[in-house]
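Asks: Take a look at the letters that make up each chain.
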Amino acid sequence: MSGSSVKFVPEPERYEFTAGPMHHFELARRDFFKFLGAGIAVFAVAKDTLASQETAPTQGFHQEELPKDITAWLHIGEDGNVTAFTGKVEIGQNIRTSLAQTVADELHVPFESVTMVTADTALTPFDFGTVGSRSMPTMSPQLRRAAAAARDLLVGAAAKEWNVAAEGLTTADGKVTDPATGRSIRYAELARGKTLAQNLPAEDPVTPPDQWTIAGKSIPKKDARAFVTGNHQYTPDLRRPGMLYGKVLRPPSFGATLNSYDAKAALAMSGVVIVRDGDFVGAAAGNERDAVKALESIHAEWKEVPQTSSKELFAYLKKNASAKSDERSRRVKGSVEDGLATAAHRLDATYTVAFIAHAPLEPRAAVAEWSDGKLTVWTGSQRPFAVRDELASVFHVSESDVRVIVPDTGAAYGGKHTGDAALEAARLARAAGRPVQVAWTREEEFTWAYFRPAGVMEIKSGIAADGALTAWEFHNYNSGMSAIDTPYVVPNQHIQFHSTQCPLRSGSYRGLAATANFFARESHMDDLAHAAQIDPLQFRLKNLSDTRLQAVFEAAAKSFGWPRKKTQDGQGFGIAGGHEKGGYVATCAEVSVDHASGAVRVVRMTTAFECGAIVNPDGLRHQVVGANIQALGGALFESIEFENGRITNPRFSRYRVPRFRDVPEIEAVLLDRKDLPSAGAGETPIMAVAPAIGNAIFQATGTRLRGLPMVPNGLNTARS
Amino acid sequence: MAKPIELEINGKRHTVHCDPETPLLTALRDELGLTGTKYGCGEGQCGACTVLIGGAPRRSCQIPVSAAASKPITTVEGLEQDGHLHPVQQAFLDAGAFQCAYCTSGMIMSSVGFLKANPHPTSSEIVQALQGNICRCGTHPRIIDAVHQAAKSMQERGR
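Protein sequences, first through last, are from chains A and B. For the first sequence, the numbering used here gives the first residue as 1, with consecutive numbering after it. For the second sequence, the numbering used here gives the first residue as 721, with consecutive numbering after it.
Possibly wrong hints are sitting among the right ones.
[Stated by the list, open to error] Listing some non-contacts, in silico: residues in chain B with all C-beta distances to chain A over 10 Å:
no. : residue
1   : Glu726
2   : Arg733
3   : Ile783
4   : Ser790
5   : Pro792
6   : Arg856
7   : Lys872
8   : Gln875
9   : Glu876
[Claimed, not checked] SDA-like cross-link-like pairs, simulated, lysine to any residue; straight-line CA separation at most 20 Å:
no. : chain 1 : residue 1 : chain 2 : residue 2
10  : B       : Lys723    : A       : Ser270
11  : A       : Lys293    : B       : Lys732
12  : B       : Lys732    : A       : Thr229
13  : A       : Lys293    : B       : Leu805
Think of the hints as simulated: they come from the structure by calculation, not from any bench. In this text the structure is predicted, and so the values were computed from the model without any measurement. Every residue, glycine too, gets a C-beta built ideally from N, C-alpha and C.
Please put together the full structure from these sequences, using the hints given.
Replies: Next up, the structure:
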């Protein structure tokens, strides 16, 4: 109940977390050296519960006895180049750089000599997915242990060569040195002619953060040049020999089924492949336009089903809530009834969040190629192994016959956990007998991807005359359980998640439900502070015992200059914070409200963030500032509108995302705790923005906005 | 077979065989393999497909290939000269002005076109110029820094 746990507990209601994959690692040890050349290889084995929760059991390397639960490995080649392997995916969070830093730091080699091979199901170990801010806390230590073990091996090899004890030898800059004689030998020479593979010992001491030399530094993005020259190939940029362009006939509404179908005209077109398989209809042609024309010539009649609309969304979620609740979704402590009875002030309020879209700038895409019954797919997904399994299952082939490769991807934000485009491309490619690319349009991305779930939060609370919380009852319908616990000290609590029927396909979004739960909780705390006539920061500190959370609140407030006095009409200041996934965050916001027009402008934000030891300060700043800017959209104006199973605003001209003019002055205050393990940073910095802005609007105007987005059409409409 | 259309891209002549109404973006990417220019929305709202036509930034998803014939077109692939990055590319690299970097080509092309017209911009002029370019990762402050840096280095080099 403390809420300070960093255990990775997949949310029960997230559909993509329900599959329990069993995996086989397919690359034999001898194949491994054939692929990389001779050298020294070290395999990291998951040994803690954290890692094994996101790592399926590995069956071993064919007949050879090799460790289970391999999570990462690295190889030192005869040229001294280091290749490290991880199933993680680069989606703009800079993991390729941060992990390479970790390896270079521990192995004592130059950063430039490390290459990361990521997210290729034929080459990298099984990985649950690049989700939940887990890459740094789990993958980084695994690679560090592998690197430390490799360094030990190299030292051992040098000691043998020189016939001295290994203990006195040192390593730096890709060399082993004997301080007694001054001689040194390069790792490359030690690796030469060897095909040495070693499993990682159970315990390896690794370098503590205060002794890091390469990790902890702001090293620029790996391969950065390829991104400014346009040379990097994202999935839609891949061109395979003989490749066709595929398009899929979309139903007019969600859940519609194909009643009748006439493709005579399309089938008569030359160079076009048409596939109908159940309700799936697609075309592939030498160019996209011909594929579109072919689909347009198909007469299809669909049977549609009546569906709810966004206008009645929140009533729908409440009405369809499941009556049953299990232990996993309910926590009770003390008696809320008693806590409310003794309270000096009581407050009862309902909050809502809309469906929003991830809208990564690279829409879903895949290239699929069949050869001798084996399938290779390139696709931008956060879960390459899950996509592999989906493909194997859908096409009735063995997992070992499917290879999924994820090129560094044009972002995801939790929105690319599935393999939709991969399945479509593979189906068309199988029919065509040639490689096929399917690249979704923006409208397809806005319609057929999945959304951040909408939700309703209800809070009943009480405080004593001195402002101490006495009771806290919190219900969340549909959004989820992330950060559903309050970080504040409350003797009497009842916290519950309610699953319900969700009218749209929903899934993970950066931060999951924590944004919704933070918004409800921190808005409510602000109202309570007001009722108690205590400064909102002091009110929070008074009710906190968690020193890490106190520290970020104080750091944000100090840098922002809290409390601030209003110097002009329409000005307001707000603060909010909390913790999730091992990261602690507090955001202060300043808004300016034009009373006449109702226009709300966020002028300034200061976010303090602490996630243990910092690996790359510059990369972390990117994540914090980026999350703050992305958060503006969901806070102020993003909302998916729908009616009769159709998304009615599926384009950027009708779905407003933050643009340059919306971006305030943003300060990121990074607290580096070298005494604590590194947690992830991709998600938590997004969470406190919406309530901080809402609290600032309240201070500016006296209007409390309890629904996200808060001001899609300005404050005057939101009020009425 | 569609009639051939001649295009002048990055100083070279190319012939494409496609329907004249095909968006320039599609011709660049699918006919000519110039995939540095990105598709982001297909309605001229996100700027990922920005190229220079006659030196001015244009949304290539909104321009039929026939309308781009006979005008010099510059794509992101054409900025680098003799192995040297364009000052705007260099500034983006130096400022680390990208995360997933899918918007970067369009941001760079919009900035190159903008700096030609306004070599000494203020921050608010940069904001105005890039308002039509979407970055979903939230790299905006660094992109503004990069454009300032580029303006400065172009001034120093007299380009």
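Asks: Give a verdict on every hint.
Replies: Hint check results:
Every CB of chain A is more than 10 Å from the CB of B/Glu726 (nearest about 19 Å), matching its label as outside the interface. At roughly 20 Å, the least C-beta separation between B/Arg733 and chain A is larger than 10 Å, which holds for a residue marked as non-interface. Annotated as non-interface, B/Ile783 keeps its C-beta farther than 10 Å from every C-beta of chain A; the closest such distance is 15 Å. Residue placement check: B/Ser790 keeps its beta carbon more than 10 Å from all beta carbons of chain A (closest about 22 Å).
Here B/Pro792 stays apart from chain A, with its beta-carbon at least about 18 Å from theirs, past the 10 Å limit. A cut-off of 10 Å between C-beta atoms contradicts the statement that B/Arg856 is not in contact with chain A; the least separation is 5 Å. Distance check on B/Lys872: its Cβ is at least 17 Å (rounded) from any Cβ of chain A, clearing the 10 Å threshold; non-interface status holds. Listed as outside the interface, B/Gln875 is consistent with that label: its C-beta sits roughly 20 Å from the nearest C-beta of chain A, beyond the 10 Å cut-off.
Chain A leaves B/Glu876 outside its interface by the beta-carbon criterion, the shortest separation being 19 Å against a cut-off of 10 Å. The hinted pair formed by B/Lys723 and A/Ser270 meets the criterion: a straight-line CA distance of about 18 Å does not exceed 20 Å. For the suggested pair A/Lys293 and B/Lys732, the alpha carbons sit about 31 Å apart, so the restraint of at most 20 Å is broken. Taking the CA atoms of B/Lys732 and A/Thr229, the gap is about 18 Å. The hint holds against a cut of 20 Å.
Proposed proximity of A/Lys293 and B/Leu805 is contradicted: the alpha carbons are some 40 Å apart, above 20 Å.
Taken one by one, the earlier hints fail for this structure at numbers 6, 11, 13, listed in ascending order.
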